[in-house]
Amino acid sequence: MALRALRRVGPGLAPRCPRLPPPLPPRVLAARRLGTSSLVLSARKFTDKHEWISVENGIGTVGISNFAQEALGDVVYCSLPEIGTKLNKHDEFGALESVKAASELYSPLSGEVTAINDALADNPGLVNKSCYQDGWLIKMTVENPAELDELMNEDAYEKYIKSIED
Amino acid sequence: MLRTGCRAAVSRRPPQGSAPRRLKRTPLDALHRSRGGRMVPFAGWSLPLHYEQGHLQSHLHTRSRCSLFDVSHMLQTRVYGQDRIRFMESLVVGDIAELKPGQGTLTLLTNERGGIMDDLIVTNTLEDHLYVVSNASCADKDLAIMRVHGCLNPVGGGKAVSQPPASPGPSMARVLQTGLSDDLAKLSFMNSITTTVFGVPGCRVTRCGYTGEDGVEISVPAGRAVELAEQLLGVPEVWPAGLAARDSLRLEAGLCLYGNDIDETTTPAEAGLMWTLGKRRRMAMDFPGAAIIMAQVKEKPKRKRVGLTSVGPPIRPHMAILSSEGTPVGTVTSGCPSPSLGKNIAMGYVEAAHSRAGTTLTVEVRKKQHPALVTKMPFVPTQYYMAK
Numbered sequence: 001m002a003l004r005a006l007r008r009v010g011p012g013l014a015p016r017c018p019r020l021p022p023p024l025p026p027r028v029l030a031a032r033r034l035g036t037s038s039l040v041l042s043a044r045k046f047t048d049k050h051e052w053i054s055v056e057n058g059i060g061t062v063g064i065s066n067f068a069q070e071a072l073g074d075v076v077y078c079s080l081p082e083i084g085t086k087l088n089k090h091d092e093f094g095a096l097e098s099v100k101a102a103s104e105l106y107s108p109l110s111g112e113v114t115a116i117n118d119a120l121a122d123n124p125g126l127v128n129k130s131c132y133q134d135g136w137l138i139k140m141t142v143e144n145p146a147e148l149d150e151l152m153n154e155d156a157y158e159k160y161i162k163s164i165e166d
Numbered sequence: 001m002l003r004t005g006c007r008a009a010v011s012r013r014p015p016q017g018s019a020p021r022r023l024k025r026t027p028l029d030a031l032h033r034s035r036g037g038r039m040v041p042f043a044g045w046s047l048p049l050h051y052e053q054g055h056l057q058s059h060l061h062t063r064s065r066c067s068l069f070d071v072s073h074m075l076q077t078r079v080y081g082q083d084r085i086r087f088m089e090s091l092v093v094g095d096i097a098e099l100k101p102g103q104g105t106l107t108l109l110t111n112e113r114g115g116i117m118d119d120l121i122v123t124n125t126l127e128d129h130l131y132v133v134s135n136a137s138c139a140d141k142d143l144a145i146m147r148v149h150g151c152l153n154p155v156g157g158g159k160a161v162s163q164p165p166a167s168p169g170p171s172m173a174r175v176l177q178t179g180l181s182d183d184l185a186k187l188s189f190m191n192s193i194t195t196t197v198f199g200v201p202g203c204r205v206t207r208c209g210y211t212g213e214d215g216v217e218i219s220v221p222a223g224r225a226v227e228l229a230e231q232l233l234g235v236p237e238v239w240p241a242g243l244a245a246r247d248s249l250r251l252e253a254g255l256c257l258y259g260n261d262i263d264e265t266t267t268p269a270e271a272g273l274m275w276t277l278g279k280r281r282r283m284a285m286d287f288p289g290a291a292i293i294m295a296q297v298k299e300k301p302k303r304k305r306v307g308l309t310s311v312g313p314p315i316r317p318h319m320a321i322l323s324s325e326g327t328p329v330g331t332v333t334s335g336c337p338s339p340s341l342g343k344n345i346a347m348g349y350v351e352a353a354h355s356r357a358g359t360t361l362t363v364e365v366r367k368k369q370h371p372a373l374v375t376k377m378p379f380v381p382t383q384y385y386m387a388k
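Here the protein sequences come in this chain order: A and B. Here full-length UniProt numbering is used: the first residue of the first sequence is 1, the next is one more, and so on. Here full-length UniProt numbering is used: the first residue of the second sequence is 1, the next is one more, and so on.
Derived from the structure by calculation, the hints contain no laboratory data. Just to be clear, a hint being listed does not mean it is correct.
DSS-like mimics (lysine-lysine), calculated; alpha carbons at most 25 Å apart, straight line [claimed, not checked]:
no., chain 1, residue 1, chain 2, residue 2
1, A, K49, B, K367
2, B, K300, B, K368
3, A, K129, B, K343
4, A, K89, B, K368
5, B, K368, A, K49
6, A, K86, A, K129
7, B, K24, B, K100
8, A, K89, B, K367
9, B, K100, B, K300
10, B, K300, B, K279
11, B, K298, B, K186
12, A, K49, A, K129
13, B, K279, A, K86
14, B, K279, B, K100
15, B, K343, B, K367
16, A, K49, A, K162
17, A, K86, B, K368
18, A, K159, A, K49
19, B, K186, B, K388
20, B, K279, B, K298
21, B, K343, B, K368
Listed next, with one range per pair, are the computed distances between beta-carbon atoms [claimed, not checked]:
no., chain 1, residue 1, chain 2, residue 2, range
22, B, D140, A, K159, 40 to 46 Å
23, B, G36, A, N153, 27 to 33 Å
24, A, D134, B, P371, 55 to 61 Å
25, B, P201, A, G125, 44 to 50 Å
26, B, G326, A, D91, 22 to 28 Å
27, A, A121, B, G358, 43 to 49 Å
On a predicted model such as this, the values are computed, not experimentally measured, just so you know. For glycine and all other residues, C-beta sits at the position ideal for the given N, C-alpha and C.
Hey, can you work out the whole structure from these sequences and the hints?
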C-alpha cells in the first residue's frame, strides 16, 4: 500500500495487532500439470508495500501488515475490487481510507479476486484491530506460484521495516 | 478562522528528493514527544500530527470537551506607530480603522491581480499596537510584503516573542476561567485581552480559533509556554491535539486552508470571502486588486467555492468534479470523511452555474464516479461565543 502517512512508530504506541504466530513450514505436493496450484498451505509472505498474502489450497488471502495499519491510523473506509477482477502483480486493487489520507493497495501476486471481506463495510476498524485475521481484505487465485518466492518471509519483512524506520 | 492547517497530512505529493532541512521546534516540542506525539514536518516546523488517542478520538474530544493545540509555528507580528492602521489597510481588505479597542477581525492580504496572498487576524489591541497572526507557510512572504510596503517597521517579525497555544471545545471556558481573574463571560468572539493566565502574566487571550468551537488562542511569553501548557493539560478533560484533528475540525467548520482552498490564484469573490471586505473599503476601492475584485462582484464570479457532501469513498483534494451530465465543472481543494457527521465532506471550486446548494454533482474517485451534493457550510454548526 502507498503509505504517505508512514512515520516512525514510537515506543509509546502499543501495536493493536497480536504478534504473528510462527510461520508454518511450507508443504508442497508433487506438481500436477493440470492443477492450478500445488500449494496446500504457505507461510505468510510480505511485499515491500506492506501487504501480506497467505496461500491455502491455491487461494491467497491478502491483508496489510501491523506496521501499515499503525502508520495509517483508524481506517474509516475500505475501497475493494469486485469479485472476478483480474489482477497482475503490483496492480492497484483498492484503497484504505483514514480520516486524513487514502492509501492505495497493491496486489502481491497475479490472480483473480474470489472474495472480499464484507465485514469491513460496516466495521472498517477491523483492519486496525485484527490486521492478520478478521481484517483480511480480499481472497484471490494464484496464477503464478513462483511469484510467491519473490516476496519476503516474516523475518525478512521485520528486517525491512527496521531499515526504513531508520 | 482561516488558518493554514494540516498540509503535511493532506498532501498527496511525496516529498522531493533533496537533503532534509533542519526543522524548527516549538517550545512545546519536548512536551509533545513525551506525550507520544507523532511528529511530522509542517511549514518548516516539527509538529505533532496526533497523539496516542489517534486522530478520530482527538477530533471527537474537541467537539465534546476540550483540546489544546500548539500553534506556535504561526507568525505573530506587532505593528507600532501612529500610522499603523493606514499601513495595515494598505495591505489588507478589511475596515481596520473601525475595529473597537480589543477587537480583531479576519482579513485577507491581496495582490494586484485580486488574488489572496494570505488570510490573517488583525487585532486592534488595548495597548499601542496592532497584533497580527498569519500563516506559518506564508511567513517569509508576509514579512517581505510588510517590509517592502512599510514606511514603518513592523516589530516582532521573524522572532516570535510569544508562543500561542490554542484551546477550543465546549469545556474550554469552564477550564480556563479557573485560571483567570477576568470574567470570560464578557469576552466575545474575536476580542482580545492581555492578562495573567494560571499565574503567567503578560498573556494575550483572544477568543478565536480554527475549529468552529468556542476557543481561545493564548499568546504566552516565550519562557513560560511549557508551564502554561502543562497546567492546562493537567486538567483531565483537556487533551493535546495535533495537526490531523486541526484539519478535519476546520473543514467541518467550513473554514479555508491557505494553500488548498485559497491561494494567489483565487479572489475573495470566488472564494466566498467577500464578508472580509470592509464596507468602507469596498466604496473606496483602496486595497490591492480592488478593481478586479469589485468587477467580479458586480458581474458575479465565473467559479465559486462550494461545500460538498457524499457517502462511499472519501472525496480528496485534486479530484475532478463533474456535472450530473458528466462534463468537468471543477476541482476538489479539501476533503475528508467527517468524524462528527459520519459522511464525506469536501470543498472545491465549481462553475457558478453549478454552485447552488442542493445541486447534485459527481466526483471522480479513483476512476469511478460517485454522486456528491453541493452543501452549505459550515457542515457542523459553529459555537462562537457572544457576550450578552
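Verification of the hints:
Using a Cα cut-off of 25 Å, the hinted pair A:K49 and B:K367 holds, with the two alpha carbons roughly 22 Å apart. At most 25 Å may separate the alpha-carbon atoms for a hinted pair to count; B:K300 and B:K368 exceed this at roughly 32 Å. The suggested pairing of A:K129 with B:K343 holds, with an alpha-carbon distance near 22 Å, which does not exceed 25 Å. In summary, the hint linking A:K89 to B:K368 is supported, as the alpha carbons are separated by about 22 Å, within the 25 Å threshold.
Distance hint between B:K368 and A:K49 is fulfilled; the C-alpha atoms sit about 24 Å from each other, no more than 25 Å. Restraint check: the Cα-Cα separation between A:K86 and A:K129 comes to about 29 Å, which exceeds 25 Å; the hinted pair is violated. With a C-alpha separation of about 36 Å, the suggested pair B:K24 and B:K100 falls outside the 25 Å cut-off, and the hint is violated. A hinted pair counts as satisfied when its Cα atoms are at most 25 Å apart, and A:K89 with B:K367 qualifies at roughly 20 Å.
With a CA separation close to 32 Å, the supplied pair B:K100 and B:K300 exceeds the 25 Å bound. Between B:K300 and B:K279, the direct Cα distance comes to roughly 18 Å. Compliance with the 25 Å bound is thereby established for this hinted pair. A hinted pair counts as satisfied when its Cα atoms are at most 25 Å apart, and B:K298 with B:K186 does not qualify at roughly 39 Å. At roughly 20 Å between alpha-carbon atoms, A:K49 and A:K129 fall within 25 Å of each other, so this suggested pair holds.
Between B:K279 and A:K86 the CA atoms are separated by roughly 61 Å; this puts the pair beyond 25 Å, and the hint is violated. Taking the CA atoms of B:K279 and B:K100, the gap is near 16 Å; set against the 25 Å cutoff, the hint holds. The hinted pair formed by B:K343 and B:K367 meets the criterion: a straight-line CA distance of about 20 Å does not exceed 25 Å. With a CA separation close to 14 Å, the supplied pair A:K49 and A:K162 stays within the 25 Å bound.
Restraint check for A:K86 and B:K368: the C-alpha separation of about 17 Å stays at or below 25 Å, so the hint holds. As the CA atoms of A:K159 and A:K49 are separated by approximately 14 Å, the hinted pair is consistent with the 25 Å bound. In summary, the hint linking B:K186 to B:K388 is supported, as the alpha carbons are separated by about 8 Å, within the 25 Å threshold. Note on B:K279 and B:K298: the hinted pairing holds, with a Cα-Cα distance of about 15 Å set against a maximum of 25 Å.
Annotation: proposed proximity of B:K343 to B:K368 holds, straight-line Cα distance about 18 Å (limit 25 Å). At roughly 42 Å, the beta carbons of B:D140 and A:K159 sit within the given window of 40 to 46 Å. A beta carbon spacing of about 31 Å between B:G36 and A:N153 agrees with the range 27 to 33 Å that was offered as a hint. Separation of A:D134 from B:P371 is about 31 Å and departs from the stated range, judged on CB atoms against 55 to 61 Å.
Between B:P201 and A:G125, the C-beta spacing of about 46 Å keeps the proposed range 44 to 50 Å intact. B:G326 and A:D91 have their C-beta atoms about 26 Å apart, which keeps the hinted 22 to 28 Å range intact. The hint said 43 to 49 Å for the Cβ distance between A:A121 and B:G358, and at roughly 28 Å that hint is violated.
Consistency with the previously given hints fails for numbers 2, 6, 7, 9, 11, 13, 24 and 27, ordered from lowest to highest.
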